[in-house]
Amino acid sequence: LRCWITTDATGSLFLWNLRALEGAFLDPFLSPKKVLREHTKLVTSHLELNKNKFTTCSLDRSVILWDHRNLTPEMKLQGTGAHSASVLSQAYLPRFNSLVTVACEKKVFVW
Numbered sequence: 001l002r003c004w005i006t007t008d009a010t011g012s013l014f015l016w017n018l019r020a021l022e023g024a025f026l027d028p029f030l031s032p033k034k035v036l037r038e039h040t041k042l043v044t045s046h047l048e049l050n051k052n053k054f055t056t057c058s059l060d061r062s063v064i065l066w067d068h069r070n071l072t073p074e075m076k077l078q079g080t081g082a083h084s085a086s087v088l089s090q091a092y093l094p095r096f097n098s099l100v101t102v103a104c105e106k107k108v109f110v111w
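Each residue of the sequence shown is one higher than the one before, counting from 1 in our numbering.
The set of hints was computed from the structure by calculation and includes no laboratory data. Bear in mind that the values here come from a model prediction, so they are computed numbers and not experimental data. Don't be surprised by glycine CBs; every beta carbon is placed ideally from N, CA and C. Hints may be right or wrong, so weigh each one.
What the hints assert, rightly or not - Subject to a maximum C-alpha distance of 27 Å in a straight line, what follows is the list of computed BS3-like cross-link-like pairs (lysine-lysine):
id: 1; residue 1: 51; residue 2: 34
id: 2; residue 1: 106; residue 2: 41
id: 3; residue 1: 51; residue 2: 41
id: 4; residue 1: 76; residue 2: 106
Stated by the list, open to error - Okay, the calculated beta carbon distance ranges per label pair:
id: 5; residue 1: 40; residue 2: 74; range: 14 to 22 Å
id: 6; residue 1: 18; residue 2: 81; range: 17 to 25 Å
id: 7; residue 1: 30; residue 2: 85; range: 34 to 42 Å
id: 8; residue 1: 6; residue 2: 94; range: 21 to 29 Å
id: 9; residue 1: 42; residue 2: 79; range: 15 to 23 Å
id: 10; residue 1: 52; residue 2: 91; range: 16 to 24 Å
id: 11; residue 1: 69; residue 2: 6; range: 16 to 24 Å
id: 12; residue 1: 18; residue 2: 50; range: 18 to 26 Å
id: 13; residue 1: 31; residue 2: 110; range: 32 to 40 Å
id: 14; residue 1: 31; residue 2: 81; range: 37 to 45 Å
With the sequences and hints as input, model every part of the structure.
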């Protein structure tokens, strides 16, 4: 997937088609190809896991696993057993097939 992902303060993710943008930087009517609205607060990190999956984490205390193929959330980690504060960062450990997340409650979670 060749796209650029941006976010705003409301937690929306905007996916831009880079191929369509080539040579169109002067076009005042550029719009994202897709807007994803699962998070409710600012998204702090986006991480590509492989060609079919990516994750996002947010100030809304959630981590979401997304499917690139249909751009829908596969899993939302939030609530009991998850972070109780804003999630700030994440890292993927492919050797162990694990996602590591860190939040403001000073805990590290390994998923």
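Right, here's what the structure says about each hint:
Restraint check for residue 51 and residue 34: satisfied, since their Cα atoms lie roughly 18 Å apart, inside the 27 Å limit. The straight-line distance between the Cα atoms of residue 106 and residue 41 is roughly 20 Å, inside the 27 Å bound, and the hint therefore holds. The suggested pairing of residue 51 with residue 41 holds, with an alpha-carbon distance near 26 Å, which does not exceed 27 Å. Of the supplied pair hints, the one linking residue 76 and residue 106 holds, its CA atoms being roughly 21 Å apart against a limit of 27 Å.
Between residue 40 and residue 74 the beta carbons are some 19 Å apart, a value that agrees with the proposed interval 14 to 22 Å. One distance hint, 17 to 25 Å for the beta-carbon pair residue 18 and residue 81, is violated here, with the actual separation near 37 Å. Separated by about 36 Å at the C-beta atoms, residue 30 and residue 85 satisfy the suggested range of 34 to 42 Å. Distance hint for residue 6 and residue 94: a CB-CB separation of about 26 Å, consistent with the stated range 21 to 29 Å.
In this structure the hint that residue 42 and residue 79 lie 15 to 23 Å apart at CB holds, the actual value being about 19 Å. Judged by the Cβ atoms, the range 16 to 24 Å given for residue 52 and residue 91 holds: they are separated by roughly 19 Å. Judged by the Cβ atoms, the range 16 to 24 Å given for residue 69 and residue 6 holds: they are separated by roughly 21 Å. Between residue 18 and residue 50 the beta carbon distance is about 19 Å. The supplied range of 18 to 26 Å therefore holds.
The hint said 32 to 40 Å for the Cβ distance between residue 31 and residue 110, and at roughly 38 Å that hint holds. For the pair residue 31 and residue 81, the beta carbons lie near 38 Å from each other, so the given range of 37 to 45 Å is met.
The structure does not agree with numbered hint 6 stated previously, though it agrees with all others.
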